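Colleague: Here is what each chain is made of, one letter per residue.
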Amino acid sequence: MFREVTYTDVSRLEAMERAEASFVMDEDAFRAFYERTARGVWAYLARITGDRQLADDLLQETYYRFLRAATTHDSEAHRRNSLYRIATNLARDARRRSLTHPFFSGREGEMERAAVGDHAAATERQADFARAMSLLKPREREMLWLAYAEGASHREIAGMLGMRPASIKLLLFRARRRLAVLLGVER
Amino acid sequence: MKPLECVYEADVLAAAMESRWPDGAEAQLRAHAATCAVCSEAALVAGAICEASLETRSSTVVPDSGRVWHQAQIRARREAIAAAARPITAVQLVAFACATGLLGACFGATSSWFQAALQKIASTSFAPLLAQHASLAIAGAAALLLVPAAAWFAIARSEPNRPN
Numbered sequence: 001m002f003r004e005v006t007y008t009d010v011s012r013l014e015a016m017e018r019a020e021a022s023f024v025m026d027e028d029a030f031r032a033f034y035e036r037t038a039r040g041v042w043a044y045l046a047r048i049t050g051d052r053q054l055a056d057d058l059l060q061e062t063y064y065r066f067l068r069a070a071t072t073h074d075s076e077a078h079r080r081n082s083l084y085r086i087a088t089n090l091a092r093d094a095r096r097r098s099l100t101h102p103f104f105s106g107r108e109g110e111m112e113r114a115a116v117g118d119h120a121a122a123t124e125r126q127a128d129f130a131r132a133m134s135l136l137k138p139r140e141r142e143m144l145w146l147a148y149a150e151g152a153s154h155r156e157i158a159g160m161l162g163m164r165p166a167s168i169k170l171l172l173f174r175a176r177r178r179l180a181v182l183l184g185v186e187r
Numbered sequence: 001m002k003p004l005e006c007v008y009e010a011d012v013l014a015a016a017m018e019s020r021w022p023d024g025a026e027a028q029l030r031a032h033a034a035t036c037a038v039c040s041e042a043a044l045v046a047g048a049i050c051e052a053s054l055e056t057r058s059s060t061v062v063p064d065s066g067r068v069w070h071q072a073q074i075r076a077r078r079e080a081i082a083a084a085a086r087p088i089t090a091v092q093l094v095a096f097a098c099a100t101g102l103l104g105a106c107f108g109a110t111s112s113w114f115q116a117a118l119q120k121i122a123s124t125s126f127a128p129l130l131a132q133h134a135s136l137a138i139a140g141a142a143a144l145l146l147v148p149a150a151a152w153f154a155i156a157r158s159e160p161n162r163p164n
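Protein chains in written order, with this note's numbering: chain A, 1 to 187; chain B, 1 to 164.
So that you can see chain A by itself, here it is in the shape it has in the complex (with noise of 0.2 angstroms):
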């Protein structure tokens, strides 16, 4: 026996579909988009964070609302710029949400010592820079990051961040001399 179709059931279905169209591309430009972008949003995410499992959360949610959000992008550049902003607000979110239960908690060198393995110097070396990063605020470690890892201009780094791109000459410079002191200091 068929059930018969309610008005609700007929808005479900439209409601359904709706949703499907409002992602911002198919599922093969998403899936190749995806493979492009992922590794790197992963590793900016667990550095800004200092947490691999927050990252692998925020990593799905930053993919999630990138599909829902209501944006088009004219290129490959400012589509990653995106999804990079959402990336840090999320994070920022999360930073805000744990402040009885901060980043960087004494678990800095769990990254490491779960990747590197037998590596003993290149392991200390990663643990070394994980403190480092760890004493940066979290706007030096998203502007380092963003330029010296993901190769970000000055105007990008500016967008994705939400800061003027005036500002990111002078800050980035003191990011960059903060750190390197501390490494010095490590190293």
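A couple of the hints might just be wrong.
Quick partial rundown of chain A residues pointing at chain B, CB under 8 angstroms, derived from the structure [claimed, not checked]:
| # | residue |
| --- | --- |
| 1 | Y63 |
| 2 | A149 |
| 3 | L179 |
Which residues of chain B face chain A? A few of them, derived with a C-beta cut under 10 angstroms, are [to be verified]:
| # | residue |
| --- | --- |
| 4 | V38 |
| 5 | E41 |
| 6 | G66 |
| 7 | F126 |
| 8 | L129 |
In case anyone wonders, no lab produced these hints; they're calculated from the structure. Because the structure is a prediction, the values reported are computed rather than measured. Glycine is no exception: its CB is placed at the ideal position from the N, C-alpha and C atoms.
Add chain B to chain A, keeping to what the hints say.
Modeller: Using the frame of chain A, we list chain B on its own:
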């Protein structure tokens, strides 16, 4: 005060970000960086970040793209259904309020003892009446405030997260 930039900084950064620093870089550039605070800092920081980036990217396993896509689809559908159900909930609430009001009006118009009670209330002053039935009056007032508030919260809680 130390300078903010150096003409060789871009070359040093490029070498560090391409993992060519220091061994793969030109000897002249290395000699310059040894005496330039800006370039030595750039090389140290960019080199460390690039090394960390390569290590992090190579060691991590991200979820499969197909899985992420399907989870996004499922979540979008769920949120769309919840959003579509919200106006129905609001309409149901308004309809319930109207029906209750209509029933109350019919009851008031047809019930003789209710009309007699209303006339009695109208002819007496409110102060003693309120004093006599204070708890009932407070409960009625609270219900008038709490029922709409509860309905509003019920609708607001079912609202899904909006994308950035």
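Colleague: Which hints from the list above does the structure break, by number from lowest to highest?
Modeller: 7 and 8
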